[in-house]
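Participant: Read top to bottom, the protein sequences are chains V and L. The numbering of the first sequence is the numbering used here, which starts it at 11 and goes up by one. The numbering of the second sequence is the numbering used here, which starts it at 3 and goes up by one.
Derived by calculation from the structure, the hints in this document are not laboratory data. Built from N, CA and C at the ideal position, the CB exists for glycine as well. Careful: at least some of the hints might be erroneous.
[As the list claims (entries may be wrong)] No farther apart than 27 Å at their CA atoms in a straight line, the calculated lysine-lysine pairs in the DSSO-like style are these:
| hint | chain 1 | residue 1 | chain 2 | residue 2 |
| --- | --- | --- | --- | --- |
| 1 | L | Lys61 | V | Lys113 |
| 2 | L | Lys57 | V | Lys67 |
| 3 | V | Lys67 | L | Lys101 |
| 4 | V | Lys67 | V | Lys113 |
| 5 | V | Lys67 | L | Lys61 |
| 6 | L | Lys101 | L | Lys59 |
| 7 | L | Lys19 | V | Lys25 |
| 8 | L | Lys73 | L | Lys19 |
| 9 | L | Lys101 | L | Lys73 |
| 10 | V | Lys27 | L | Lys101 |
| 11 | L | Lys101 | L | Lys19 |
| 12 | V | Lys113 | L | Lys73 |
| 13 | V | Lys113 | L | Lys65 |
| 14 | L | Lys5 | V | Lys113 |
| 15 | L | Lys61 | L | Lys73 |
| 16 | L | Lys101 | L | Lys65 |
[Claimed, not checked] What follows is a list of derived Cβ distance ranges for each label pair:
| hint | chain 1 | residue 1 | chain 2 | residue 2 | range |
| --- | --- | --- | --- | --- | --- |
| 17 | L | Pro42 | V | Glu95 | 18 to 26 Å |
| 18 | L | Lys19 | V | Ser76 | 43 to 51 Å |
| 19 | V | Gly81 | L | Pro42 | 45 to 53 Å |
| 20 | V | Leu125 | L | Lys61 | 29 to 37 Å |
| 21 | L | Asp41 | V | Thr40 | 22 to 30 Å |
| 22 | V | Glu24 | L | Ser10 | 48 to 56 Å |
| 23 | V | Asp28 | L | Gln83 | 27 to 35 Å |
| 24 | V | Gly81 | L | Lys19 | 44 to 52 Å |
| 25 | L | Leu111 | V | Ser63 | 40 to 48 Å |
| 26 | V | Ser76 | L | Gln83 | 28 to 36 Å |
| 27 | V | Glu24 | L | Ala85 | 37 to 45 Å |
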Amino acid sequence: GAGVSQSPSNKVTEKGKDVELRCDPISGHTALYWYRQRLGQGLEFLIYFQGNSAPDKSGLPSDRFSAERTGESVSTLTIQRTQQEDSAVYLCASSSNTISGEKLFFGSGTQLSVL
Amino acid sequence: SQKIEQNSEALNIQEGKTATLTCNYTNYSPAYLQWYRQDPGRGPVFLLLIRENEKEKRKERLKVTFDTTLKQSLFHITASQPADSATYLCALWMDSSYKLIFGSGTRLLVRP
Numbered sequence: 011g012a013g014v015s016q017s018p019s020n021k022v023t024e025k026g027k028d029v030e031l032r033c034d035p036i037s038g039h040t041a042l043y044w045y046r047q048r049l050g051q052g053l054e055f056l057i058y059f060q061g062n063s064a065p066d067k068s069g070l071p072s073d074r075f076s077a078e079r080t081g082e083s084v085s086t087l088t089i090q091r092t093q094q095e096d097s098a099v100y101l102c103a104s105s106s107n108t109i110s111g112e113k114l115f116f117g118s119g120t121q122l123s124v125l
Numbered sequence: 003s004q005k006i007e008q009n010s011e012a013l014n015i016q017e018g019k020t021a022t023l024t025c026n027y028t029n030y031s032p033a034y035l036q037w038y039r040q041d042p043g044r045g046p047v048f049l050l051l052i053r054e055n056e057k058e059k060r061k062e063r064l065k066v067t068f069d070t071t072l073k074q075s076l077f078h079i080t081a082s083q084p085a086d087s088a089t090y091l092c093a094l095w096m097d098s099s100y101k102l103i104f105g106s107g108t109r110l111l112v113r114p
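Only chain L is shown next, with the shape it has when bound in the complex (with noise of 0.2 Å):
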């Protein structure tokens, strides 16, 4: 069956270091990767999006990896801050549905 693995733990790390947030899929070719960020009440903002021929993706303090044949993305926030804490979703983008998949996220929490 098709399935996108986020880790269900939350991801507990303190304030200036790195947090590495992982998603992991089976059973799908996506065309697309997102990645989300959502605060609790609020719906999902878009973070980044890689696509299958990409190997990295940065912007700012975050960056994004995409492996196709491991069928992982790794999700990275450098000198993180309590203002980083929130849920974050990984989506696939299956062009052959024309639909965006989302993984169950990972809620981040990060202590001054």
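Okay, chain V solo, but in the shape it has when bound (with noise of 0.2 Å):
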């Protein structure tokens, strides 16, 4: 596609559900990344992939949280038993390699609601 493309928009769910959040990057970049923006603050990183691999897990908050790339194309991120502070948007971003420090392509985000 044109760009980077996050689905759904909007999330809402009850605590303790499990949600799964999905990326498709641009077509042929190798990289993509996932952040998380809470309301009214920065991006903070969650994880990376170059490929199908993801060297640096070292932002997923903890155990509940889990990524992975298929075809070194769509990314899926999964949210267990989900509680009211995972609540935020969650940013998907591509670029054409990590190695150096290319621009990233962000898309619009998924708005994750945990009531």
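With the hints in hand, could you dock these two chains into one complex?
Facilitator: Below you can see the structure in the form of structure tokens.
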């Protein structure tokens, strides 16, 4: 596609439920990033992929968070047993590679609300 | 600890003036510094990148400076317009970890 696509754009869930957030990066982009943005705050790094590998998972807040990427394309961020503090916008971004600090192209995000 | 600081207070200026936004960082050695614009309900959009060995970069009405001694970047918008109103984020690229780390952003309001 022309840009980074994220779905759903909005997700309301009950505390304790699992959610899956999807990211379709720009075709051909090998690097993919997930960030979290709480209301009125900056972007918090969660995880990045180079190809299908995730060399750095240090930003994942807890073991309830996991992510995978397949076919060097689509990525899914899964949050298990959601908590109210997980409410935020989850942003996905892609770039042509991670090596030279290329600019990131962001999707519009998934607004997650945990009731 | 490592920190990226941007002014949390909104910058309110008159149309036509120059807006200057500041990004300060501590305990980082970034290879690159990037600036992004974010509008409400949207993801950030890339504006400019400046490398550690560059002092200044320009693009149309935008200018970025990078002082690795002061650990500071300044972002200028000349002849500002109401359409420039948005939140501006600085981000540091760490070659050591292949991560782009963001500041919390500064909101710019340009009054007509």
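Participant: Hints first: check each against the structure and report whether it holds.
Facilitator: Structure-based check of all given hints:
Distance check on the hinted pair: L/Lys61 and V/Lys113 sit about 15 Å apart at the alpha-carbon level, within 27 Å; holds. Pair hint L/Lys57 plus V/Lys67 does not hold up; C-alpha atoms about 33 Å apart against a cutoff of 27 Å. Of the supplied pair hints, the one linking V/Lys67 and L/Lys101 holds, its CA atoms being roughly 11 Å apart against a limit of 27 Å. Annotation: proposed proximity of V/Lys67 to V/Lys113 holds, straight-line Cα distance about 20 Å (limit 27 Å).
Distance check on the hinted pair: V/Lys67 and L/Lys61 sit about 35 Å apart at the alpha-carbon level, beyond 27 Å; violated. Between L/Lys101 and L/Lys59, the direct Cα distance comes to roughly 22 Å. Compliance with the 27 Å bound is thereby established for this hinted pair. Between L/Lys19 and V/Lys25, the direct Cα distance comes to roughly 48 Å. Violation of the 27 Å bound is thereby established for this hinted pair. With a C-alpha separation of about 26 Å, the suggested pairing of L/Lys73 with L/Lys19 holds against the 27 Å cut-off.
As the CA atoms of L/Lys101 and L/Lys73 are separated by approximately 18 Å, the hinted pair is consistent with the 27 Å bound. Proximity of V/Lys27 to L/Lys101 is assessed by CA-CA distance (about 30 Å); at most 27 Å being required, the pair is judged violated. Under the criterion of a C-alpha separation no larger than 27 Å, the hint pairing L/Lys101 with L/Lys19 is inconsistent with the structure, at around 34 Å. Taking the CA atoms of V/Lys113 and L/Lys73, the gap is near 21 Å; set against the 27 Å cutoff, the hint holds.
Restraint check: the Cα-Cα separation between V/Lys113 and L/Lys65 comes to about 17 Å, which is no more than 27 Å; the hinted pair holds. A distance of roughly 21 Å separates the Cα atoms of L/Lys5 and V/Lys113; the hinted pair therefore holds under the 27 Å criterion. Under the criterion of a C-alpha separation no larger than 27 Å, the hint pairing L/Lys61 with L/Lys73 is consistent with the structure, at around 22 Å. As the CA atoms of L/Lys101 and L/Lys65 are separated by approximately 24 Å, the hinted pair is consistent with the 27 Å bound.
A C-beta distance of roughly 22 Å is found between L/Pro42 and V/Glu95, which places it inside the suggested range of 18 to 26 Å. Distance hint check: the CB atoms of L/Lys19 and V/Ser76 are about 48 Å apart, consistent with the given range 43 to 51 Å. Evaluation of the 45 to 53 Å hint for V/Gly81 and L/Pro42 yields a failure: the beta carbon distance comes to about 33 Å. Take V/Leu125 and L/Lys61: their Cβ atoms lie about 44 Å apart, and the range 29 to 37 Å is violated.
Between L/Asp41 and V/Thr40 the beta carbons are some 27 Å apart, a value that agrees with the proposed interval 22 to 30 Å. V/Glu24 and L/Ser10 have their C-beta atoms about 33 Å apart, which leaves the hinted 48 to 56 Å range violated. Between V/Asp28 and L/Gln83 the CB atoms are about 45 Å apart, so this pair departs from the stated range of 27 to 35 Å. The hint said 44 to 52 Å for the Cβ distance between V/Gly81 and L/Lys19, and at roughly 49 Å that hint holds.
Under the hint 40 to 48 Å, the C-beta atoms of L/Leu111 and V/Ser63, about 42 Å apart, fit the expected range. Checked against the hint of 28 to 36 Å, the C-beta distance between V/Ser76 and L/Gln83 comes to roughly 44 Å, which is inconsistent with it. Between V/Glu24 and L/Ala85 the C-beta distance comes to about 40 Å, which sits within the given range of 37 to 45 Å.
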